[in-house]
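Heads up: take any position in the sequence shown, counting from 1, add 2, and you land on the numbering used here.
If you're looking for bench data, these hints aren't it; they were derived computationally from the structure. Among these hints, one or two may not hold up.
[What the hints assert, rightly or not] Calculated cross-link-like contacts (lysine to any residue; reagent style SDA-like; alpha-carbon spacing at most 20 Å): (1) Lys-90 to Ile-33; (2) Lys-94 to Asp-39; (3) Lys-117 to Leu-127; (4) Lys-104 to Ser-192; (5) Lys-67 to Arg-216; (6) Lys-104 to Lys-90.
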Amino acid sequence: MKRLFWANLVGVVILPLILPAETSCANEIEIPFAPEDARSVLPTPGGVHAVGVRSFYWVDSTRSKTGLPEDGGSREISATVWYPAITKPNQKPALYSPEIEKILAAVDSVPENRKQFIMAHEPLLNVASRSVPGAHPAPTENGWPVIFFSPGGDVPHYSQTVLAEIMASRGFVFIAMAHPYSSLDVAPESGFSMSLDWDLDNEDRQLADENDNRLAQILAEDAAFVFDQIRAIAMTGHPLASAIDLNRAGIAGHSRGGKTVGRACSTNEAFRACVVIDNIGPARERITGIDQPFLTLRSDWDENRVAELHNYLSRTGSVAHDVMLLNSNHFSCSDLPLFIPELQVEAVEPVESINTCARIIAAFFDAFLSDGASETIGWLPDGLSRQTSIRRFSSKLVE
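Produce the entire structure from the sequences given, and follow the hints as far as they go.
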């Protein structure tokens, strides 16, 4: 297995936050404002709420830095939280990706065959987001539903900012997690890291499945850990406490993040609804299925992969949906096509694709993060029939 490539991180402002958790320490990371000359590339979120953003960092002393038992150190996990907020006119927005300069600066520390990949993120420099750092949460009687998000492999957790801001503007708390040695991120203590080679495509199918299950377990443990830390925040006097309703918690993930979702949902009932973007799930869950309401939102796959997905969804313990987004690709629900033209789909503007993804995901969580919702039908937003193809599975029937 390949080892870590790293670079030191400097200049990060960390604000102490005391949480009642014996196995972790936590800090709030100050998110910088976008400079005056920052580019406005991201679309307006479009919901009824303004959007605030905060970032947190924890150390899980019960696990190694990579999550593998043979490695040393402690696991450093950060997460960015977008939420419905009250803002004032002309408040400055947050910088889109505060870590991108550190990621680009690490290019000399990575193998030659990865340098071009790192430099492909250069267009993310000096971009303004649509959210305000530290803004006061919008008032709510019982808190907002909370969506945890797991990014794809070697992708910055900020790469789903547009989806996060749209969801927050529609009344969700959206928490994007960074997975050390899986996603592409920078930790305050250990610095830059990119994905290890998890050997998921080994020709030995049994070994590949073992590696897949091992990685899924590590990522799901990250999600459970972050859930516990957010619960601790909700129990303190932190400004976000009133915004959080973990009785309505869901989880979503893109690409490799689908492994996180599958394992997290199969092992943690606190995640009441589950969404995977353009992937299936871990090897184990493809056999056992998932009990919670489940959505796969995907591009157009070949028939063999679709059959594999439908076999997985047919094992649902409640209800599952396969929604194919027409004229899309693997990155259509992420921010990256906004910055990298090679990732765009010719027939559809990137903003339109992201907005469609957000409408579908928000509608799904609206429908299923409530009591007695497992048999909800007709949740897909009106007007999307020409942009999607949908098939529904349930423990009682297949449509």
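Each hint, compared with the structure:
Taking the CA atoms of Lys-90 and Ile-33, the gap is about 18 Å. The hint holds against a cut of 20 Å. With a CA separation close to 12 Å, the supplied pair Lys-94 and Asp-39 stays within the 20 Å bound. For the hint pairing Lys-117 with Leu-127, the CA-to-CA distance comes to about 17 Å; that is within 20 Å, so the pair holds. At most 20 Å may separate the alpha-carbon atoms for a hinted pair to count; Lys-104 and Ser-192 meet this at roughly 12 Å.
The straight-line distance between the Cα atoms of Lys-67 and Arg-216 is roughly 15 Å, inside the 20 Å bound, and the hint therefore holds. Between the alpha carbons of Lys-104 and Lys-90 the distance comes to roughly 31 Å, so the proposed pair goes past 20 Å and is violated.
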